[in-house]
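Asker: Given these sequences and hints, build the entire structure.
For the sequence shown, this note's numbering gives the first residue as 19, with consecutive numbering after it.
Any given hint might turn out to be false.
Said to hold, decoys possible - In silico DMTMM-like pairs for lysine to aspartate or glutamate, Cα to Cα no more than 25 Å straight-line:
| hint | residue 1 | residue 2 |
| --- | --- | --- |
| 1 | K31 | E91 |
| 2 | K31 | D50 |
| 3 | K31 | D63 |
| 4 | K31 | D90 |
| 5 | K31 | D68 |
Because the hints were derived from the structure by calculation, they are not lab data.
Predicted model only: the values in this text are computed from it and were never measured.
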Amino acid sequence: MARFLYFAWVREKIGTASESLELPAEVTCVSDMLSHLRQRGAQYDSALSDPNLQVAINQTYAQPESGVSNGDEIAIFPPVSGG
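Answerer: The following block contains the structure:
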């Protein structure tokens with residue numbers, strides 16, 4: 019199972035701060051994972067369709083083509099601005 023952590027308005031839209039989910043074998047990268055999660059319902063689709071979302075896998079920023087697998091910790095959060 020992969021452990022998902024949701025932050026800020028992503029957490030608010032989905033309705034939970036974290037959950038553990040089994041990723042199907044065909045989900046091999048971040049873009050596949052986001053598509054898979056959006057199919058879980060309207061709240062996921064609403065929260066995860068923003069193209070500016072940031073994803074970290076095992077505490078390292080990830081790109082759409084970055085690999086994901088069961089056993090990973092996956093954090094999903096809105097873009098972060100500094101200042």
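Asker: Is K31 close enough to D63, meaning Cα to Cα at most 25 Å?
Answerer: 9 Å, holds
Asker: Against the 25 Å threshold, does the CA-CA distance of K31 and D50 hold or violate the hint?
Answerer: Roughly 20 Å separates the two Cα atoms, so the pair holds.
Asker: Run the distance test for K31 versus D68: straight-line Cα separation, threshold 25 Å.
Answerer: The hint holds at about 12 Å.
Asker: For the pair supplied as a hint, K31 and D90, confirm whether the alpha-carbon distance does not exceed 25 Å.
Answerer: It holds: about 22 Å lies between the C-alpha atoms, which stays within 25 Å.
Asker: CA of K31 to CA of E91, is that 25 Å or under?
Answerer: 20 Å, holds
In this structure, every one of the numbered hints holds.
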